[in-house]
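S.K.: Turn these sequences into a full structure, and let the hints guide you.
Protein sequence lines, in the order shown, are assigned to chains A and B.
Under the working numbering, the first residue of the first sequence carries the number 1, and numbering increases by one thereafter.
Under the working numbering, the first residue of the second sequence carries the number 1001, and numbering increases by one thereafter.
Hint data in this document are derived by calculation from the structure and do not stem from the laboratory.
In this text, a Cβ means the ideal position worked out from N, Cα and C, and glycines have one as well.
Do not rely on the hints blindly, as some may be mistaken.
Where chain A lies over chain B, by a calculated footprint (3+ residues, C-beta under 8 angstroms) [stated by the list, open to error]:
#1 1104 to 1115
#2 1176 to 1183
#3 1190 to 1202
#4 1214 to 1226
#5 1263 to 1274
#6 1333 to 1345
From the structure, some residues in chain B lie toward chain A, with a derived Cβ separation under 8 angstroms [said to hold, decoys possible]:
#7 1205
#8 1277
#9 1287
#10 1348
#11 1350
Over 12 angstroms on every C-beta distance to chain B, these chain A residues come out as not near it, computed from the model [to be verified]:
#12 71
#13 87
#14 137
#15 149
#16 157
#17 211
#18 239
#19 240
#20 347
#21 364
#22 368
There are 2 protein chains.
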Amino acid sequence: METKSTISRRALLGAGATVAGAAVFAAGRETSPASASRPGAYPLYGEHQPGIVTPVQNNLHFSAFDLRTSSRAEVISLLQKWTEAAERMMAGQPAGETGAIDGHPNLPPDDTGEALDLSTSNLTITFGFGPGFFTKKLGIAGQRPEALEPLPRFPLDQLVAADSGGDICVQACADDPQVAVHAIRNLTRIGFGTVAARWSQLGYGRSSSTTRSQVTPRNLMGFKDGTNNIRADDTELLDEHVWVGSDDGTAWLAGGSYLITRRANITVELWDRQKLRDQEAFIGRTKGEGGPLSGGKEFDKVQLSARRDGALAIPEDAHIRVVSPEKHRGARMLRRGYNFTNGNSDIGHLDAGLFFIGFVRDPRTNFIPVQLAMVRDDGLMEYIRFTSSAIFAAPPGISRGEYVGQSIFEA
Amino acid sequence: METKSTISRRALLGAGATVAGAAVFAAGRETSPASASRPGAYPLYGEHQPGIVTPVQNNLHFSAFDLRTSSRAEVISLLQKWTEAAERMMAGQPAGETGAIDGHPNLPPDDTGEALDLSTSNLTITFGFGPGFFTKKLGIAGQRPEALEPLPRFPLDQLVAADSGGDICVQACADDPQVAVHAIRNLTRIGFGTVAARWSQLGYGRSSSTTRSQVTPRNLMGFKDGTNNIRADDTELLDEHVWVGSDDGTAWLAGGSYLITRRANITVELWDRQKLRDQEAFIGRTKGEGGPLSGGKEFDKVQLSARRDGALAIPEDAHIRVVSPEKHRGARMLRRGYNFTNGNSDIGHLDAGLFFIGFVRDPRTNFIPVQLAMVRDDGLMEYIRFTSSAIFAAPPGISRGEYVGQSIFEA
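M.R.: Structure, rendered in structure tokens:
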């Protein structure tokens, strides 16, 4: 629990506060909460969108939307309203511009109210645009990045179509689930008629860290997850593997990233019956400490060629070998996934697993080959079914006065 | 966020700590975390089960199970194992008796591991037994309390059978969802072969308070919920309305309670389009402050007969009138529900609402008539569908050396 502030939305409101955070262009990453305008509040503005290298919050509500219009003006208007609402909510204020749920008795409140007494909870809101966004007669077909293709259907995929894809996505992360859900709900409400929610997923227990000060969290296989994730201060790695470059072919996306989601259902009942030794061999690390099976502690270097008793210490089909950068021309990604539990399946098993979120500079080099290797060669696939899949282009950050995605329309 | 301790399970383990909390029989209620054996850890033992008057934690995982055996010995054995695991997990230790996930390489770990580095998070585990538990040839048919009948099918109910009922229930509440899910998962794992999970529900943003020091939380209608809930220090009200008495006809249940769950799906999209004035009239309170429409602040007395401009200030079909104790011979309940969001429905609406949990001394007087009045007369029903329903008898607390439910088998 890392809430850095107990300032409530109502207190902010009562004080007549305005959103004061100036646009901040820090060197390659956003400001920390300490330097933001409000304690516990991140700024919407900056070189990059919030919610990518921001220290991972505890709770997620991720929603994908379908466009319900082909009016360019209507879409721009929605993006403007969304930008304003996101700015307000990230600052701990109600979503609506009249700023209150008790504004006018004869109108619906312009905020749904359930986050009114809650702290800002480090809320970040991150937007992305799917391949379909560019085919809706909005006059932006030429702006679709070449790399923004629907992901291929990978071997073993058991995708639920209604839970996959989408024209726009919004990722809301916060240290209180009610704050994240409130954000998605109010953006959905504001978008009524222009967009319709397609699918959404809640998550908890951040399964990766993006700063070195965060303890590596555990996924529902019980293992530490994200030990070698790219961190917020790995500026060079971020530029190489996460942020789209200005020479990458899509000018408006420079400073942005590709956001990929894959819902990995884990058959936890089956996993839980595997011997400890086998579980560790599947992952390639010890379960308690998280050290690589080649020896050492959690953060010690993974020695893929190390042998024990003649055999590879980290087996041929171990997860950390199959997806390791060494196997993929050095390709890496920034992972920001969450654990999920969606109740029980029809056969009484827990409907649970990992909602993978990855940010990459280019899915063709940094994600697709790695995912392909995983579904083909990773022993873990015995315990995993991918049931949802989506890709979006997450634009760069914006300055005050701009709206999210503006660079697409003004490119 | 009220985590009172950052002591981790791993730290506890490393210190070779044992569960030290002595059985505590406080006057009508359990001890506070401050006086428990570990900071942030509640004791399993006491006059009443934990998780009833315990200050409501932020997160819920509730699971119902079907019995898969008619062996009395097997069921008793499971209840013993569950009691031991619950004691350990509430004390911040792993579920299994070897106390570690890295105990024996050739066995499955006796804890699934995902809570290993997390704090106790005020975890409470509460057990209940449904009507079906007493019909399974366990030799306890005579112990079924007369009031423990499946709830009637109420008008407008749209129950999903697979999400309703159950022979046993376990309510896990904690200030970290991963800790609550970990508890349910490990009890499910331990019960494999004896019980099978039937359905489960996650919740967040406690929708009621059980202590006066907790701010009244808001439900997904955006209103404060639980203003007049029974609190932990309302000893007389608890004895009158919540705890089963020793003269109530079922000796083994004295000091226990009936646990009722009702999943209320809210059509939030429809609700959000109602005028503020109408929303407040549906509830009977103001949305911002939560004061009754009869006037005053949140905790001021509700004046059902007050009139404004000739009409009732609190309308005839307002929620707080329809379910008020005054309308039901003074009948009250202790509410301990949670908000939930289960992603999106097939038509793209948020699948969200209130997972009601109520504890009552007698469902025939304190719940059924109130629910019947609600579904018949409450204007709110325009925005609510009940999709899950269940009832359980939650036995009294136990002393060290006893197992949960022991009084049923030794009655």
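S.K.: Evaluate each hint against the coordinates.
M.R.: Hint check:
1. A stretch counts as covered by a chain when three or more of its residues have a beta carbon under 8 angstroms from one of that chain; for the stretch 1104 to 1115 of chain B and chain A the count is 11, and the coverage holds.
2. Three residues within the 8 angstroms Cβ limit are the bar, and the stretch 1176 to 1183 of chain B against chain A gives 4, so the coverage statement holds.
3. For the stretch 1190 to 1202 of chain B, the assignment as covered by chain A holds, since 8 residues bring a beta-carbon within under 8 angstroms of that chain's beta-carbons and 3 suffice.
4. Look at the stretch 1214 to 1226 of chain B against chain A: 8 of its residues bring a Cβ nearer than 8 angstroms to a Cβ of that chain, three or more, so the hint holds.
5. By the rule of at least three residues with a Cβ nearer than 8 angstroms to a Cβ of chain A, the coverage given for the stretch 1263 to 1274 of chain B holds, with 5 such residues.
6. Figure legend: the stretch 1333 to 1345 of chain B, annotated as covered by chain A; annotation consistent (5 residues with Cβ-Cβ distances under 8 angstroms, at least 3 required).
7. For residue 1205 of chain B, the interface hint holds, since its Cβ comes within 8 angstroms of a Cβ in chain A; the closest pair sits about 4 angstroms apart.
8. With a cut of 8 angstroms, the hint placing residue 1277 of chain B at the interface with chain A holds, because the nearest CB-to-CB distance is about 4 angstroms.
9. Nearest Cβ of chain A to the Cβ of residue 1287 of chain B: about 5 angstroms, under the 8 angstroms cut. The hint holds.
10. Interface restraint check for residue 1348 of chain B: the shortest CB-CB distance to chain A comes to about 5 angstroms, inside 8 angstroms, so the restraint holds.
11. Hint status for residue 1350 of chain B relative to chain A: holds, with the closest Cβ pair at about 6 angstroms, below 8 angstroms.
12. Consistency note on residue 71 of chain A: stated as away from chain B, and its beta-carbon is indeed over 12 angstroms from all of that chain's, at 20 angstroms minimum.
13. At the 12 angstroms boundary, the C-beta of residue 87 of chain A stays outside the reach of chain B, the nearest C-beta of that chain being 21 angstroms off.
14. Distance to chain B confirms residue 137 of chain A as a non-interface residue, since its nearest Cβ pair spans about 21 angstroms, more than 12 angstroms.
15. The beta carbon of residue 149 of chain A is kept farther than 12 angstroms from every beta carbon of chain B, the shortest such distance being approximately 24 angstroms.
16. With a minimum CB-CB distance of about 19 angstroms to chain B, residue 157 of chain A clears the 12 angstroms threshold, and the non-interface call stands.
17. For residue 211 of chain A, the condition that its CB be more than 12 angstroms from all CB atoms of chain B holds, with the nearest at approximately 16 angstroms.
18. No beta-carbon of chain B is positioned within 12 angstroms of the beta-carbon of residue 239 of chain A; the least distance is around 31 angstroms.
19. Residue placement check: residue 240 of chain A keeps its beta carbon more than 12 angstroms from all beta carbons of chain B (closest about 31 angstroms).
20. A Cβ of chain B approaches the Cβ of residue 347 of chain A within 12 angstroms, the least distance being about 9 angstroms, so the stated non-interface status is violated.
21. Every Cβ of chain B is farther than 12 angstroms from the Cβ of residue 364 of chain A; the closest lies at roughly 30 angstroms, confirming the non-interface assignment.
22. The beta carbon of residue 368 of chain A is kept farther than 12 angstroms from every beta carbon of chain B, the shortest such distance being approximately 26 angstroms.
Comparing the model with each numbered hint stated earlier shows that hint 20 is the single one that does not hold.
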